[in-house]
Amino acid sequence: MENAGLLTTAVLFLPLIGLTVLLFFNGKTQVENIKWTTFGFTILTFLASLVMWANFDTSVAGLQMVHQWQWLDIQVGGNNIVSTYYVGVDGLSMLLVLLTTFVMPIAVLASFSMHVLEERGRQKLYYGFLLLLEWAMLGVFFIQDLIIFYVFWEVTLVPMYFLIGIWGAERRVYAAVKFFLYTMAGSILMLIAILYVANVTGTFLLPDIIAQVQANPNIWNEWSGAASASDVTGALLFFGFFVAFAIKVPIFPFHSWLPDAHVQAPTTGSVILAGVLLKMGTYGLVRFNLSMFPEQSVQYAGFIAALGVIGIIYGAWVSYAQTDVKKLVAYTSISHLGFVVVGIFALNSQGIQGATLQMVNHGISTGGLFLVVGIMYERYHTKAMEAYGGIWRIAPAFGAVALIISLSSMGLPGLNGFIGEFTILLGSLGSTYLGFFFTLFATLGVIMAAVYILSMFQHVFMGELKVPHGEDAGTFSLNLKWNEVAVLVPIIVLIFWIGVQPGGFFDVMNASTNELVAHVESSQTEVVEANPVETNAEFAYVGEPVTSEAAE
Amino acid sequence: MHMDSYANLIPLVVLVPAIGALINLVLGHKLGERISGLVGVTASVLAFIFSVMIFAYLSDPAVVTGMVIDPVALFDGWVRVGSEAGFHVDIPWQFRVDTISAVMLLVVTGVGSLIHIYSIGYMHGDPKYGRFFAFLNMFMMFMLILVTGNNFLMMFVGWEGVGLMSYLLIGFWWDKSGPVGWKNSDAGRKAMIANRVGDFGIIMASILIFWTFGTLNYYSPGEVANTCYVLEHAHVISEEQAEHGECDMEAVNAFAAGEADHGEATEEGEHSEEGDANAGIVLVQDTEGGGEADHAEEGTADTEHSEAEADHAEDADAHAAEGEHGEAHMSVEEMTNANFLPGQMGVFNQLSTLANLDEGEEVVWNLDANGNAIMRGREVDFGPFSTDISVMLFLIIFFLLLGATGKSAQIPLFVWLPDAMAGPTPVSALMHAATMVTAGVYLLVRSNGFLAFSPEGRFLIAIIGASTALMAGIIAMGQWDIKRVLAFSTVSQLGFMVAAVGVGAYVAAIFHLATHAVFKALLFLGSGSVIHGVEHGHHHVHEHSGHDEHHDDHEHPFDPQDMRNMGGLRSRMPITFITYLIGTFALSGLPIFAGFWSKDEILLDALVHGSESTHPLDQLAGFLVFFILLIAAAFTAFYMWRQIQMVFFGDPRSDAAAHAPESVATMTVPLVILAIGATFIGLINVPGGAWPFTLFYKEHEFSHFLEASIPSVTTGHVLSFNWLVAGIATLFAFLAIFVAHSIYAGNKAVRGEHGAEDGRDPLQDQPSTSQLFAAAERRLYWDDFYFTTVVRPYQRVAAFLANVIDWSFWHDYVHDKVIKRGYDAISGLLANPLDIGLIDGAVNGIGRLVNYFSGRFRTVQTGYVRTYAVVLLLGVVAVIVLMVLPLIPTGS
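First to last, the protein sequences are chains A and B. Using my numbering, the first residue of the first sequence is number 1, and each one after it goes up by one. Using my numbering, the first residue of the second sequence is number 553, and each one after it goes up by one.
So that you can see chain B by itself, here it is in the shape it has in the complex (with noise of 0.2 Å):
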């Protein structure tokens, strides 16, 4: 079938960078580089050709209804552990792509293509070139996975798995010589355990999760995630065939004005199942007229409450749709999921039944073997706890933030990210910033059926958010090194996305995140061609100069990074240049390039958001956020255009910087691609009334995409273009840069006597903000105040349980002293008397054992093993004793 082609697609995306990996990591030293290279890259290319095949097909208007590929199931099962009291544990490899996968699946592919082109040159001449390109193409499969599977398990796979090529990759040169290697590894470590104390939330929240839904499943197949949404499609296809005179309006009309009853549906229709979906619906309107409705019917037939009436409309078209034409792809039943019962769906639906009782009510959950009905109610049961609903959706989404705040980089757990830059190349420093880090994103996302019923939870994402976007903001004003002024850049970018789910914005936040992939990819590789550039030059320089490099290594450590260091190389490498113009644009949110209108969106979301929500603390959450960020942005355009100002104009403060050359076509033709999408991307979701751009684009066409996945999103809450916000949003960024360009113009950043460690920013030398400075150079100090009160007590703590309490206490006090000892002396009060009363082998048994318990026996001989032999008869013999003894009757 059709469809089923595009879903045997999945398991190719995920396999074909896994093949390339094998080929790469088993025969990669006997390959060659340019073998090497074209098998990663292949590997990569293909697999984004087939993401566009599935994103293309998902976005095909005529396959809508059906909206989603049915899971894939690969292998037999995975998790499973039949149980007979409480949940069944089945937990499969399934594959599922809808929208929101399908975008993930195009940033990864389509990003991580042009990391794979742009490595062939940079990597060039590594002798780890085949390792590299196999990491990278684990990376890509891992990532994959992360995005298209169907369960939380399963995600976790690709998460940890990214998380373990991230490990690999940051510590990738960790066999350079001397401290700079161990450095390389150990950044990769914090990398990893970071993330780790991340997926101690993970595997929480999977638990939590799975014990009030029986599932780990997101949704079951054939099942809907927007039942509105792909009832109102459903609705815009008749309407289109209506216009072509192939539908009858007034019949779908009487419907939706409740008049007709199930005699005429069941005329109308001529599917066996139309009985059923009418019942479905006609519930819906019991429930609207007397509220006596079975709950359990309502809440399979009807996800969203509020939505009742536009629903009960959008019913009826559907209905008449079905009716009509046989060819449509689904039943009303099917769109509404009332095939299901609570318990066989996936967790999202199942939530928005279970959330949507009242105390005290019990719905049908699911049957059990016999076929009997289990009733369910708010109430969880996990062990001997009960709680409701609400609490354990806290907890779920509590966890699930840990996790995201691990590898999303937010607060508490960001500290990894910068140090990762600290590790080889752009490209992998990249491979995080670009890729990796938007997992915990994309997770939230998914998760948003859970956050729909928790605005305790919602809350507390939006502060998370918001303080990181701040926070990271400021960090990045203070770092001299160009790879970490980005990594906290992407850090605060993060955080906006995080924000923006907090703030119900949840489309806002994959679109920023698919417009910040791009530019924040720009920025990235540009800073790689400039820091190769740079490094270039300092070659040169020394080739020329005759000096012995090693010898000057050793004195003046040269960091072609660092960008006191630059300055100038506008002129020197004006590709590279430009395009990072575009990046530091688009990063800024001037109009038109990319960042504007994502983070146009997330703005305008927020207020929205503070302004109508009817919960005191989604106000507060909106309209903090709005603020926060509004400052946020004022400071990525402040950094960006410090950054600006120091690498690419003023003179060279290096010889280095001076001879820097241009990169070469592999590294340069993917950054001009990307500036190109950098400046156009963010038009694929142009908002109503942004004219003139609504000439040219579809109004808000990636919102639309992205819904049929997101039920937490009714359709119609897509929002115009605000020309005020937006304003207000270009005019801090323009006043930003104003301000940066007043302080940083004319080469005012320059380098000191002794080499880049003296270079000294204006800041630093004005008394108002040297202070700041200081603890934006510093990190905010988190890294020292992490320092102090986990890492250092940990150690401590461990050297004293395992020398002192496990060692010298347990282990030589307790069993070599007092244990021994005490036997010991026993045995020598005891060992005269018994030698008398006893037979002479045992003795010299016993006292041969007693003999080891005093270590004056020294090496085992043939004779002990003798001996021994007859002990241990000799407790055979007193066990067969021992055992009849009791048995032989006493007097009676």
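Only chain A is shown next, with the shape it has when bound in the complex (with noise of 0.2 Å):
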């Protein structure tokens, strides 16, 4: 077991060790050497992860494969500070490990035939910022301690930013500031919540902080420590993760940041992004707020769950009305990320398991639409929908493939996007906190999708041809690179594979979601146990079967 703590570290370390031999490079000349290190270092860092796939116990609902440092022990008047090296997985974070691993070679694979890369030279920069950020995404999804947790979260921003803010469209700058700082305000509340929460707890570990909530669900509000602890501080502190998270996804209305930053960064800044980087809002939903938090996520899981459904309506609806072809697909992220959230506030093992996955899908399907684009951009050097036409003329394959993409991103049924939402509807419906309405609402979503996708491969692949300017188009041909092709396979594979064998990706997550599940449940029944009257008050409209209602 200390070996397989210590193939976690390996994991997460590859990339920096990556880092450090990029650094050996010259940038001027070695540009060959340093696309190959990079990209061999992201294969290595994926085959890495598949081993620990392959080791991991699905009967364990906790943490496997932990590696754990002490590396801060401070006396202060009489107070141990203490932070941890903490790393290790389970259900819940292996697939997003996974789909890291798996983005990042895709990513710098299709950045080596990008055009914007030679035009702006600094490729050993690039090269370097992809290695910190594969870097610091798994740090947010191995660690267990709340403060480095907070620091690899800032720290995915960085090389982020400078991806949008050197490689972007015209207005990269503007973008880049309003991604970081957005994303910075939400995560100041985060570390004040942090903050607080070590103080109640006296750790930064996650583990311990759960088993603290285990034993008294009701921890948050009674902390003797605080001059003025209520009802409003547990909410308080749900909050403050929540706005961190919810920035990240992004839940509607935190989203006006996304627009900007995917149509302004390049092409493997969107795929990252939308492939990864969102994922961590997600996750930090899930890992944090269900389980620090059970009682605040079941009070609001309605209300959260509504903002879901309104991000999968706006998102389809705003999204059917674009006329770039990024922002088109920026805004389905918006939608599909909806169904997410909704999923993980139904608070039950359908809706979770269905989530996790859907983030997985959503980072496989969203993530090719972006190739796609990219692929496109690269040909005509614009992003407008009506600059594009009767691309599928030209290119069977290639249309074929976007088809097969769109129709994942569609949800159509035999493909990976379906089984998500399928069984997160599933589990809204059956969900206590949610219920029918949450679901017909959320299912419209399905029909909205059809709508602006299919209008996107008509306007895009159908039709007449049109082509980029100076082209002649008697002669005008895509000619994929071998790259291009070779990073839209593995998409491909995936999206047959989890939409007619999802089993296994099921399987890995089917342990700790249960006992997600349960220790959402429990605190439920605790708190009615020791407080009953109080409780049944607030709770009532989430508990209680509306059998009134239902009977009409």
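Hints in this document: simulated from the structure, not taken from any laboratory. It is possible that part of the hints are untrue.
Claimed, not checked - Below, in silico cross-link-like pairs of lysine to any residue (SDA-like), each with a Cα-Cα straight-line distance of 20 Å or less:
(1) B/680 to A/397
(2) A/466 to A/378
(3) B/1369 to A/477
(4) B/1372 to B/1359
(5) B/680 to A/477
(6) A/466 to A/384
(7) B/728 to A/459
(8) A/466 to B/733
(9) B/1369 to A/181
(10) B/728 to A/384
(11) B/1369 to A/174
(12) A/466 to B/728
(13) B/728 to A/394
(14) B/735 to A/187
(15) A/466 to B/734
(16) B/1372 to A/187
Need the complex rebuilt from these two chains, each delivered in its own frame; the hints are there to steer you.
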């Protein structure tokens, strides 16, 4: 088991080692070496994470492959301040780790032929940032210590900020700053909440905190150290975390930074952003909000899921009216992640497992869509939908691949997107906290997805052939490069794999999710036992079956 | 084992077209037309052969108690979510073929194979030849998944799959140049979105079904769908054996009379499960006697309360058969599903247990992990709600119906089907008209177990079906496009089937589905032959007159599908004409032809449903459906005869029609085959009393075949031929043909001066009918209605949300103006005092950051990177300080 823990650390630090190796190359003359070294290290990380997956014990609910090392232990006026490097995976993070290590080689490979890199140079810096980003994202999913988690969370911002700011499109600086500040604003609230949590529990270690919450679900409101502890405290802490994650997801109405970031980011930036970065938000909701604040999660489930449902419909609707292909895809993310939020706050196994799988699915299909858009952008040098048309005429196979990715994003049964969406919807209807009407409106997103995706596909791939400026319609062809083909293949494979055989993916999550659900449920019952009168009044609308309404 | 080997055919049926599609998809452009076509046709014909084998196996009376091929699971499960509270999700990839599926298999692969063969000729010379056959094969594959899946979710895979293929096939010629190509892709998109609305219903229904029953499976392995039927057949077998002196009929009768007790029963039996089987039977007796029975057991042992009396006798017979003849396929226990607790069964049998409970009554529904009983009553909990199962059922049926209206083109979602005809080929049109659209009817018939317990649901279905039948019949009168007439005719006939489901005539619905598939395939292929001929005539004329074709097309686009350009084709295309005429007779329901028998059965069933049902809604539905369908049938005969007159009689109204040649053999041979089918296929289900046909055909053979899979139909329910109803229906049809003949015969629908668009229908010139015709021509304004109430508002709201709310307001105003300017103002106030108090580096860092806000910052320079690093470091320091500060004890 100790070796298994080292494996986790190895996966986490491989990108950082790669970054160190990169420093020894000459950024001007050894560009090819830099490219391949980066690719090699991301592949190595991916392989190492596959070994983790192979060693993953699906019957264990808690963390496994744990590696810990106490790095900070200082005495301040009789109090111990302890911070521990504590990494491990469980069912909630395993798939996201795999997603990260899967997306990164694809992103690196896609960069090989990116025009903007040739144009603006600084390739060493660019690939360095990619490795730094991978390290930081893996850290977010591995780390179980709140303060180190926060550091990793913030570090992810830095490389992404520069990826957008240096290699982005026309309004890149604006988009980069907005992205940075928006996320930062949310993180500050989380930081405050983290410090308060640490004060209440006396530890930064998440497993310890959860154990304390389990022992006393009302811990946040009862802490004697606070001058003004009240019922509001728990809610404030909950929302401190929630807002930080909601901005990252982004949950409506915190989404304003997303279209800017996506439209201005280079293709790789968008792929990583959609593929992994946004999932940090939804992962945070599951990992921190649900487990540390089960009581508040139940209390605000309806409210947050309503935001999710609004996001589903709003994102899909707004997406349909877009004239910029990348912006269109960006808004679909809001719609898709709305499903994830609904699934999480269904607070049952179906919902949370569907949501986690949907995080992976969204990473694959939306990442794939951004790759497709990127490939076309390299030829057309515009994102305006009206500039495209009839691409299927000259590129039958590419058109077919784009269609499959679009259909996966639309949720066609037999492909990956459907599995996640269906399981989420199943969860939301069966959830004690949501129910029929949430499901009804969320399911409308299924129709609306068809509307925007098919409209996009028709305009870009069907109709009369439109060629880039200066190209001859008779001779124009996409001339796909080898790396552009290579990045699409694994995406197509996964789309079918998860669509037809998702069982293995569900198995990974099963034990951990069930424990989390039980944890959330138990907080409910204990509160009721401890304080029946008050809580009954408080939770009447969620806990009790609404018989009178249903009887109508 | 014998049975297993047949079961293994099912995945093969699906796999063969999949392989064909894959070959054509990957190698299509390299293979060339001949090989591509051969691969496609071979795949579909092989699937057809396997389907025939399965069908033959199922219709063998020797296996009648086995009746249904057990599910075959593929792969390692599918969607599975273990859950400690509530239901455990486990939805497998599982095939199951019962007699309904077997009929669908035959229809899909049979008609499908003919389409494949026909396409060889029709698609000749198309650059995307290989891709077309790949799509056809994939279409077939999804259709086969749809009808062989054992759960609603797998059905949905096929359901959406055929939707996708129809999207691709309708829009197959999206790459035609100019607006035609765009129109084709639009038609495909419209079909997909309309179907997606229906899919919304299927998803909702599936989810509701899951939370009601804890499963999406139709039946569990080993479960019997129609217990009564199987028991009865066991009885039949024992009688046959009795005739040969092998069966002790005295013991059977004695048991039936209830004189046998446990002791005797066990003496009779040799099998270990005999005792349990008796227990089941005895409990049924208890119910009849005292009504104090354990309902849990009762529910499993007997699904049909009303038939309890009959069952009782049959149970005994079956028991005897079992006891005396060990070679019988199933024990009584197995025949009555007594092995299962309700929660272990599929949705339909579970439902019949739960819905038969009284208010407040509970049964042992299932066992939990520890072996403790889980009790359930009529209450269904879903999320925060809880309701009686009948309410839940209505919701489920409502959403299923919504799905069916999408795929089977019923009100309100039928609008996509006529547009699908504007798409490229009669072949793809036919795929939709004869094959895909039956999916909705199949789904409803498959769900008959739900309908049996929901009069409101039945009523809704009946009304939707009947009104669609009538409405589409009216619209078809006013269409000029030869395929569009057939498209609306299809909508109308699907309405007949749906209405039939609504009045509980499930067998009649499937019967009509099968006959309709044959004669509508005939008509569509015939129309394809006509269009092909007229197109060739058009080219012929142009080659000889030396016109510049492009120029001409530009001025007067020639539409080879417009019936105003036709006329007098009977002598030019004799085979097409004769076969088309037969198809028309069959569709109009003239005696002997296929449509006559199936339509008559629907009408008769509706009438009997109306007069014999006890629920007022059923009575109303029965009579309404009977009268509306009678009128719709008259419309059918009318518009078909109008079409015959306009296409085949009179003088040619265009040069193209005058020079149209007969089609090639690959196209006419399928026509002849289908014409023979359209004439005779109705005889597979000749009703009793229909002399002289009963001399040659077994009565109601088809009904008996299907009943094994339809629990709601009890044996003995089949109706004899009713001369009066058949006479009235026939009279209506002949009358309509007579009226149509008097209006259209003699070349009265002529081409106008400026081409097809000016051609006028005699009805247009009659003041009394001109308005009706105008409305019919505009499809009763359905499309306009949707455009103004749904499409345009949707687009407007989208544009408003995107441009005004999301961008101008939320993005530009709130974020870039309010928040940023507010921040700027505050920072301006704070900048000076703070400047003085802080260290240089930090000042620079913050100042730069503020600069970002103000938008004054232009490029990212290396200097900034360093500064930023300093800020980050400061941030970390600040974090640690903040972290430490609260822990420092204050005072004490």
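Structure-based check of each hint:
This hinted pair checks out: residue 680 of chain B and residue 397 of chain A have alpha carbons roughly 13 Å apart, not beyond 20 Å. Of the pairs offered as hints, the one joining residue 466 of chain A and residue 378 of chain A holds, with about 15 Å between alpha carbons and a cut-off of 20 Å not exceeded. The suggested pairing of residue 1369 of chain B with residue 477 of chain A is violated, with an alpha-carbon distance near 44 Å, which exceeds 20 Å. Between residue 1372 of chain B and residue 1359 of chain B the CA atoms are separated by roughly 16 Å; this keeps the pair inside 20 Å, and the hint holds.
Using a Cα cut-off of 20 Å, the hinted pair residue 680 of chain B and residue 477 of chain A holds, with the two alpha carbons roughly 19 Å apart. The straight-line distance between the Cα atoms of residue 466 of chain A and residue 384 of chain A is roughly 12 Å, inside the 20 Å bound, and the hint therefore holds. Taking the CA atoms of residue 728 of chain B and residue 459 of chain A, the gap is near 15 Å; set against the 20 Å cutoff, the hint holds. Using a Cα cut-off of 20 Å, the hinted pair residue 466 of chain A and residue 733 of chain B holds, with the two alpha carbons roughly 14 Å apart.
Simply put, residue 1369 of chain B and residue 181 of chain A have alpha-carbon atoms about 15 Å apart, close enough for the 20 Å limit, and the pair holds. Among the hinted pairs, residue 728 of chain B with residue 384 of chain A is inconsistent with the structure: their alpha-carbon atoms are about 24 Å apart, more than 20 Å. Restraint check for residue 1369 of chain B and residue 174 of chain A: the C-alpha separation of about 14 Å stays at or below 20 Å, so the hint holds. With a C-alpha separation of about 15 Å, the suggested pairing of residue 466 of chain A with residue 728 of chain B holds against the 20 Å cut-off.
Among the hinted pairs, residue 728 of chain B with residue 394 of chain A is consistent with the structure: their alpha-carbon atoms are about 14 Å apart, no more than 20 Å. Using a Cα cut-off of 20 Å, the hinted pair residue 735 of chain B and residue 187 of chain A is violated, with the two alpha carbons roughly 50 Å apart. Of the pairs offered as hints, the one joining residue 466 of chain A and residue 734 of chain B holds, with about 14 Å between alpha carbons and a cut-off of 20 Å not exceeded. Taking the CA atoms of residue 1372 of chain B and residue 187 of chain A, the gap is near 18 Å; set against the 20 Å cutoff, the hint holds.
Figure legend: structure checked against the earlier numbered hints; hints not met, in rising order: 3, 10, 14.
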